[in-house]
Amino acid sequence: MKRELKEIRLLPPLAISRLGSSPEPLNNYDVVVDPKDPLGFRQITSANAQTILVDTSTGEVSDICEGLEVTFKDEEGRVRPVAPFIELWGRFGDDDEWSHLTRDDVDLDQLHWRARLGNVKAFRRTGDVKDRILADSEWFNDHAFREMHGKCDNFLPGKVLPLGHVQFIKPTEQFPHIRFRYTPAEGKVYGSNWFVKKADGSYQPANSADDPTDSGSYLQHDLNIADVVYNSGPDGGKWAGYTESSGSALTIPAQIYAGQSGANGWVSSGYLDDECDGIIEVELRGKQKLSAFSRIGAGPPAYAPDSFPIRTVFDELEQVLLGWQIDDGDYTDEELQHETEEIIRRAFETIRLMNTTVMNGNQVGPQPDIASTMVRQDRGDTERAFEPIMAETIVDNLAVRALHQNIYASLSSGVPPWFISVIRKFDEIGDLSTEGRRKMPAMMRNADGRYLTLTRRQREKIRMASKRLTSTTEKKR
Amino acid sequence: MRSRFARHLQWTKRELPREGVPKSARAMLASFGDVAAPAPEEQRAISPEFNGHQYAIFLLHVAAEVEHALMAEYLFAAYTLGGPQVDGKHVDVVRQWQEVILGIAKEEMGHLCSVQNVLRLISGPISFDRDDYPFGAEFYPFSFTLEKLTLDSLAKYVVAEAPLDWSGAEAEEIRKRANESAGSDVNQVATLYHLMIETINNVLLVHDDAFRADTVSMQASWDEWGRGYTHGQRGNETHAAPAATPELIIEVVDSRAAAVDLLQRIAEQGEATDKGGETSHFKRFLNIYRAWSAIAKKDPKFDPSRPVVTNPIVEDSLPEKQARIDASSTATNTITDPTTFYWAHLLNVRYRMLLTGLMHVFHVAGSLASTTKPSARGQLITLIFSEMYKVRALCGLLVTMPVHRGGDPSKHSAGPPFQMPYTLDIPERESDRWRWHRDLLFAARDLLDELAVREKDSPRLAYVLSMRDADTNTMAIIEAMIAKLDKVSAEVTA
Chain A
257 MKRELKEIRL LPPLAISRLG SSPEPLNNYD VVVDPKDPLG FRQITSANAQ TILVDTSTGE
317 VSDICEGLEV TFKDEEGRVR PVAPFIELWG RFGDDDEWSH LTRDDVDLDQ LHWRARLGNV
377 KAFRRTGDVK DRILADSEWF NDHAFREMHG KCDNFLPGKV LPLGHVQFIK PTEQFPHIRF
437 RYTPAEGKVY GSNWFVKKAD GSYQPANSAD DPTDSGSYLQ HDLNIADVVY NSGPDGGKWA
497 GYTESSGSAL TIPAQIYAGQ SGANGWVSSG YLDDECDGII EVELRGKQKL SAFSRIGAGP
557 PAYAPDSFPI RTVFDELEQV LLGWQIDDGD YTDEELQHET EEIIRRAFET IRLMNTTVMN
617 GNQVGPQPDI ASTMVRQDRG DTERAFEPIM AETIVDNLAV RALHQNIYAS LSSGVPPWFI
677 SVIRKFDEIG DLSTEGRRKM PAMMRNADGR YLTLTRRQRE KIRMASKRLT STTEKKR
Chain B
15 MRSRFARHLQ WTKRELPREG VPKSARAMLA SFGDVAAPAP EEQRAISPEF NGHQYAIFLL
75 HVAAEVEHAL MAEYLFAAYT LGGPQVDGKH VDVVRQWQEV ILGIAKEEMG HLCSVQNVLR
135 LISGPISFDR DDYPFGAEFY PFSFTLEKLT LDSLAKYVVA EAPLDWSGAE AEEIRKRANE
195 SAGSDVNQVA TLYHLMIETI NNVLLVHDDA FRADTVSMQA SWDEWGRGYT HGQRGNETHA
255 APAATPELII EVVDSRAAAV DLLQRIAEQG EATDKGGETS HFKRFLNIYR AWSAIAKKDP
315 KFDPSRPVVT NPIVEDSLPE KQARIDASST ATNTITDPTT FYWAHLLNVR YRMLLTGLMH
375 VFHVAGSLAS TTKPSARGQL ITLIFSEMYK VRALCGLLVT MPVHRGGDPS KHSAGPPFQM
435 PYTLDIPERE SDRWRWHRDL LFAARDLLDE LAVREKDSPR LAYVLSMRDA DTNTMAIIEA
495 MIAKLDKVSA EVTA
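So the sequences go chain by chain: A and B. If you're matching positions, the first sequence starts at 257 in our numbering and goes up one per residue. If you're matching positions, the second sequence starts at 15 in our numbering and goes up one per residue.
By construction, these hints were calculated from the structure, which means they are not laboratory data. Treat the hints with caution; some may be incorrect.
[Said to hold, decoys possible] Just so you have them, the derived chain B footprint on chain A, three or more residues with Cβ under 8 Å:
hint, segment
1, 287–296
2, 397–408
3, 647–658
4, 662–669
Computed from a prediction, not measured in an experiment: that's the story for all the values here. Even glycine gets a Cβ: it sits at the ideal position worked out from N, Cα and C.
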């Protein structure tokens, strides 16, 4: 007789998968700072990271190993997907600790799962509900490796957008814990036509000399797409050829889809990718029905896994969960110092991926405005004079990186941070004065279209760390 | 060495005897073209060995030295504030004082660079020199002393930055305290600036053709040096600075009017003139003095400073014997703790790298062609800022470390020695200047290697390793500069 559960949860509540076409998912790893090379790249290590190996044909865990080799591509050069596990946790009474449930805790026949995924990028643009691409597994409780077919009213007959697989992992005597796995799609591009269309709707003439894959020496074959799924014919949708310029209902900036410049704006090529996000639901249909859900998302692979951006989803969620304010006692001095160091480390890791000279708005050769930068955006959005952000002479990438590394090094001495005044506040993102544009983080835009800031909570951590009158090394002595 | 300055320093004498002006000097004043000689009562005495132009340069050198000394003294004082002994109820106010004094030190750095700009404008040699211990009181506001912040030392800073007409009971009390603390009358920086402004503004002393607008490209600009550190109110998180907080003054000058205006603004930032007001160094120091006095009346044991020894120095070799701590302002205290010894030498090397970088950067022009892209000057500025950060961190470390072997830093702690290098001269050839930086970096690396061993079980090890890593990256930049300059040189030769 199993004890009756009081509550269940799916953890983590949000899991992010990464696309990849290899049948072998990426092994688990940690990213750590090497104390002997504190300013170097973070090290990828699987020494203490457990990888759960699954036989998809049976749905059973075949092994759980530590220290497996971590390669981001398989031997055939295919990217290994990141396929997260969602765990079923529960507790039997209000005073119990939450625990990862096993088959001994739950009658597996009573456990039912459902996955609902969506890719609504085209719908976000066109506003046509028929452009929504949705996949629904319906309720199930077997252990099959279930394909998630994205369906859309504007797809060609019989066509679907593959959005990955879901599987209820079969608990065994050896590996009794209850898990669910989402394996994302391959990371392919799907289209509306096998041939390249120009912005005016006519087809791109072939140049057979340049394009040996040319079909019939008449039209240029579109090498980007894996399959044509979208019906762009008279009875279909408007995604291929959809055009937008700018406007308050659009994203900031607008026109962020594959296409080409046309007479009235940016013309969509009708591409679709196999990214998606959605909800995993579980129901325990016992005497009393218990339910829980978790969110998943599928994004592109991490091509710089040894560097972290200055502001991440983690920072957003932390702020949502804990608020922006920090009270005395929430963190120790050492923790605040470490948090500050981590932000600065991420700053120089971010700089490592930037072309600071171009992003500052420097002239490159004879060209004064070479790329899409905040400088161009300041002019485009507000008619501010086109003017580089920092003095042009001081933005060499290695120098800027070295400067931030020296700040990081100085912080590791234990002295409180001293630079809070140059960290941009959340309400200064539109400050286009010379001083305002030079605040940190510099040269980058946020999703709101204006200058990037740290989250308020990130900034508050630095401010709190600045309040000390003692060195952290002194206190440890 | 400083006696070479002192013999020309008549400005410290407030009432100059007009009749004492040598005829040769008067003759010099009248020697500019067809400008009529001023009446004797309008003349100012200057050394018979100077013409007006040389006298202006001389005064600017004195000003640079004073700004440099004050910057070091204020930095030292600021870092002595704090420590575990500060009662929790006073932590916020003490931290505010520290922020205020560090801000003033930063502004002195701005003054120092601005004075170099004026030197460049009138074709004078750049000067980042200053006296070492002891003392040069003839032209310093007071004897150069690195000491922990006390009401006595604070009184000296208040008086040094005070306007010439500061008077009243409070002024008398603080002046008396300052003079007793300094062992002689504290001079006011304002005197020097007023004299400098008067001299440079005098067409008879410094002729129009002395102002070289074509030196602008060799000067420090706010764009390159100010970064985000200008108006304090943007970042006045602790409300330590007054509402209308001051700017970091770094300004390019291209004419007599611009130079005079710049020097006036610097003077105003120091004194409490109408324009300077609450934001002046004088007022800010005075506010701390008043607040400290008020707390000390209620709590006589109040001591917001760490027990940092006065004028800490480090010798080339570790002394076998250690002297007793000498608290007098004219004494030096030799660091004898072996680990602190290496950290203190590291501070001196980094301080030298900072000063050498400053010397170098004023010798590298931002030509029109190179101002649209990263330049050698930009690299140097980055190097200088990096060294500033290191100096800051090292100051923070040294005030927590023992001064004597086996000593207890909670009783007597070391501090940054800020000992001047034997020379600030830099080589003639540009590539050799970068090799100069490389040499200093090698010296720093040797010290860091030693510290990596000594600190292997200390929480300070993280800093040693980080700094060594950062230096490796800086070395790569320097090597690239040397290779590039050598290549250009080889092409020119070919």
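Cross-check of the supplied hints:
1. 287–296: This one holds; 6 residues, not fewer than the three required, reach chain B with a Cβ under 8 Å.
2. 397–408: Check failed, 0 qualifying residues.
3. 647–658: holds (count 11)
4. 662–669: holds (count 8)
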